[in-house]
Amino acid sequence: MSIFVDENTKVIVQGLTGSQGRFHGLRNRDYGTQVVAGVTPGKGGTDVDGVPVYDSVGDAVRATGADASFVVVPPKGASAAILEAAEAGVSFIVCITEGIPAQDEALFFNILRRDHPGVRLLGPNCPGVISPGKCNIGITSGDIALPGGPVGIVSRSGTLTYQALHELSQQKVGQTTCVGIGGDPVPGTSFIDCLAAFEEDSDTRAVMMIGEIGGSAEEEAAQFIKDNMSKPVVCYIAGVTAPPGRKMGHAGAIISGSQGTAQAKMAALAEAGATVALNPTEAGERMVEIVKALD
Amino acid sequence: MDLYEYQGKQYFARYGIPTSAGGVADTVDEAVAQADAAGYPVVVKAQVKVGGRGKAGGIKLANDADGVRTHAAAILGMDIHGHVVQRLWVEHASDIAREYYASFTLDRAAKLHLCMVSAKGGVEIEEVAATDPDAIAKLHIDPVDGLSVAAAAPLVAEAGLDDEARAPAAELLVALYRCYVEGDCDLAEINPLILTTDGRVHALDAKVTLDDNAAFRHPEWEEFAGTNTTDERELLAKEKGLNYIGLSGSVGIIANGAGLAMSTLDVVTQAGGSAANFLDIGGGANADVMAAALEVINTDEAVRSIFVNIFGGITRCDEVANGIVEALGRVDLRSPIVLRLDGTNAEAGHAILAPHISDRLVVDETMLGAARRAVALAGGDT
Numbered sequence: 001m002s003i004f005v006d007e008n009t010k011v012i013v014q015g016l017t018g019s020q021g022r023f024h025g026l027r028n029r030d031y032g033t034q035v036v037a038g039v040t041p042g043k044g045g046t047d048v049d050g051v052p053v054y055d056s057v058g059d060a061v062r063a064t065g066a067d068a069s070f071v072v073v074p075p076k077g078a079s080a081a082i083l084e085a086a087e088a089g090v091s092f093i094v095c096i097t098e099g100i101p102a103q104d105e106a107l108f109f110n111i112l113r114r115d116h117p118g119v120r121l122l123g124p125n126c127p128g129v130i131s132p133g134k135c136n137i138g139i140t141s142g143d144i145a146l147p148g149g150p151v152g153i154v155s156r157s158g159t160l161t162y163q164a165l166h167e168l169s170q171q172k173v174g175q176t177t178c179v180g181i182g183g184d185p186v187p188g189t190s191f192i193d194c195l196a197a198f199e200e201d202s203d204t205r206a207v208m209m210i211g212e213i214g215g216s217a218e219e220e221a222a223q224f225i226k227d228n229m230s231k232p233v234v235c236y237i238a239g240v241t242a243p244p245g246r247k248m249g250h251a252g253a254i255i256s257g258s259q260g261t262a263q264a265k266m267a268a269l270a271e272a273g274a275t276v277a278l279n280p281t282e283a284g285e286r287m288v289e290i291v292k293a294l295d
Numbered sequence: 001m002d003l004y005e006y007q008g009k010q011y012f013a014r015y016g017i018p019t020s021a022g023g024v025a026d027t028v029d030e031a032v033a034q035a036d037a038a039g040y041p042v043v044v045k046a047q048v049k050v051g052g053r054g055k056a057g058g059i060k061l062a063n064d065a066d067g068v069r070t071h072a073a074a075i076l077g078m079d080i081h082g083h084v085v086q087r088l089w090v091e092h093a094s095d096i097a098r099e100y101y102a103s104f105t106l107d108r109a110a111k112l113h114l115c116m117v118s119a120k121g122g123v124e125i126e127e128v129a130a131t132d133p134d135a136i137a138k139l140h141i142d143p144v145d146g147l148s149v150a151a152a153a154p155l156v157a158e159a160g161l162d163d164e165a166r167a168p169a170a171e172l173l174v175a176l177y178r179c180y181v182e183g184d185c186d187l188a189e190i191n192p193l194i195l196t197t198d199g200r201v202h203a204l205d206a207k208v209t210l211d212d213n214a215a216f217r218h219p220e221w222e223e224f225a226g227t228n229t230t231d232e233r234e235l236l237a238k239e240k241g242l243n244y245i246g247l248s249g250s251v252g253i254i255a256n257g258a259g260l261a262m263s264t265l266d267v268v269t270q271a272g273g274s275a276a277n278f279l280d281i282g283g284g285a286n287a288d289v290m291a292a293a294l295e296v297i298n299t300d301e302a303v304r305s306i307f308v309n310i311f312g313g314i315t316r317c318d319e320v321a322n323g324i325v326e327a328l329g330r331v332d333l334r335s336p337i338v339l340r341l342d343g344t345n346a347e348a349g350h351a352i353l354a355p356h357i358s359d360r361l362v363v364d365e366t367m368l369g370a371a372r373r374a375v376a377l378a379g380g381d382t
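Heads up: the protein sequence lines correspond to chains U and V, in order.
The first sequence lines up with residues 1 to 295 when you count with the numbering used here.
The second sequence lines up with residues 1 to 382 when you count with the numbering used here.
It is worth saying that the hints were derived from the structure and are not from the lab.
A hint or two may mislead.
Partial pick of chain U residues on the chain V-facing surface, computed with a CB cut under 8 Å [said to hold, decoys possible]: (1) Thr46; (2) Gly99; (3) Leu107; (4) Thr140; (5) Ala197; (6) Ser216; (7) Gly239; (8) Leu294.
Sample of chain U residues lacking proximity to chain V, with all beta carbon distances greater than 12 Å (derived) [to be verified]: (9) Gly44; (10) Asp49; (11) Ser91; (12) Glu200.
Being a predicted model, the structure only gives us computed values, none of them experimental.
No residue lacks a Cβ here, since even glycine has one placed at the ideal position from N, Cα and C.
Let the sequences and hints guide you as you build the complete structure.
Here is the structure:
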């Protein structure tokens, strides 16, 4: 089993005709993902390396029965693209776009929450989701993932998501699904959404969670772990040595005063019963020990 | 991007939020001219992006031109918590009856906008939140619904604003919300928001943080461009469009993605070294970006080794490798590079680098291993 996506997921790529859309969309297809269509207004009727392109998401969904969308469009158009996918009946939307204004994110998140409660948005500004051997939507390099489980991964940082996959795959520990939720102010899918899904998923037997400084998402996740998780969780929080008061890249990575520091998050997670590692490699090692003990 | 008070007030004015008559001055003479125009008495205010300027002597009342001269001369050039005052805001002094607080920001946990109003203004709101949390009235706003005067009215009442202030304050909140949303602010805060003795409500201060991601739809932000830093490395990095923060160690850091960059700082520290900087070359970084990043780090004389930590996703390792090769030809690097390269097109990247491997360009397969080597090359704990 996997969460959010599997081998039956049919994916359209909004922005397939752009350079990023083409590169990553075709890579996802080559990985084995059912990439059934692309959408670019005005380019309907053409194709990208054999993948048919439609003018609208509605056209693409009617023609292919797609149930997921990979949004690879610039920040200006991302909001409209996400809402178009939801209105066309796509139930799972992955948006990797970096640099979307926070006001747009807050608006489309709340439109989805109100008018399309059955739609799950992953991102924006995230690496996407991969269920190794089944489906890869996003920009993760598929060859760093290892099929077969038993570990589920959820991460707020893009590159640290890859690092987490890599650490486990190197140790021959497979993954059920790896979800990068992104570091933007209003992520469509939260740590808690993923933790809850992994807790439900029978094949996932342990969860690795990668957080970072800023905000309170990790503290909220800690409370959820304490109250609801029966499966072991290994955590790493990036930014232990970040100087306070500086904004380090992500909108999410802001430290102000004592709130949102790595130390506070690590303490909350440890208190919730999670195993807290000091770097990604150590997190991988702790997980290997946990997985060995499962058998 | 944080705005200065005067920029914030000018931004507020675009959205019809009342402020005091005033103007900007960079010299004593300009300050007098602005004071003459605003009408005495005036307040002379240091423009620095740091709190506590009143206590530091950066805000003074002047009743006449001589007073303005004295205070402007004293405040210009003043060092307020490490920020040197280069500009003043001179405005007509208000007859203050009461001081309140109002702000809009995003509540990330609720994923809704949050309006906070308090009758206890003019003091640090964090302190009010800690000592008297009930004094802050809060309202979550769904961006789909927006904020109406009818919705703002109960909030100002709950906050305990004086009766005569409530109607104008509710209207001001609606204008401030519009500024926050349409003006793409991460934060729009007024402290103090004042009630004057003649019954008007207006902004006596302005704290505005703009969302850099929205710059594409705000050509008017050009005038706010500029930088808060005097760190030469940061200035050069900004010029090259890099996300760089100067630190004090000896291991230069280049990584892709904020999370990996922060994690790289963590492992360098754990390996017994200290980072000279934080540098995230971002997603999709190409050869030019990589070369520019190495050039910036090369200007830092404290750097003894450079740890390049790349995990390709949207960033392609072959392009990173090309960038390193290009930089080696373009820049006379003073320090050796320790490189760790994984992810998208990693094999192609390693193939490009193979002919260039030497004691000046070392490759290590793991992040921890590379960190240890970079720290060793930098001379250990420095």
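Hints and how they fare:
With 8 Å as the threshold, the beta carbon of Thr46 (chain U) stays out of range of chain V, its nearest partner Cβ sitting at about 24 Å, so the hint is violated. Taking 8 Å as the C-beta contact cut-off toward chain V, the hint placing Gly99 (chain U) at the interface holds, the least distance being around 5 Å. Evaluation of the Leu107 (chain U) hint against chain V yields a held restraint, the C-beta minimum of about 5 Å falling below 8 Å. For Thr140 (chain U), the interface hint holds, since its Cβ comes within 8 Å of a Cβ in chain V; the closest pair sits about 6 Å apart.
Because the closest C-beta pair between Ala197 (chain U) and chain V is about 19 Å apart, greater than 8 Å, the hint is violated. For Ser216 (chain U), the interface hint holds, since its Cβ comes within 8 Å of a Cβ in chain V; the closest pair sits about 6 Å apart. Interface hint status for Gly239 (chain U): upheld, as the beta-carbon distance to the closest one in chain V is roughly 4 Å, under 8 Å. A least Cβ separation of about 25 Å between Leu294 (chain U) and chain V goes past the 8 Å threshold, and the interface hint is therefore violated.
Distance check on Gly44 (chain U): its Cβ is at least 26 Å (rounded) from any Cβ of chain V, clearing the 12 Å threshold; non-interface status holds. For Asp49 (chain U), the shortest C-beta to C-beta distance to chain V comes to about 18 Å, beyond the 12 Å cut-off, and the non-interface label holds. Annotated as non-interface, Ser91 (chain U) keeps its C-beta farther than 12 Å from every C-beta of chain V; the closest such distance is 20 Å. Remark: the non-interface label on Glu200 (chain U) is consistent with the geometry, its nearest Cβ contact in chain V lying 23 Å away (cut-off 12 Å).
Hints 1, 5, 8 from the earlier list are contradicted by this structure; the remaining hints agree with it.
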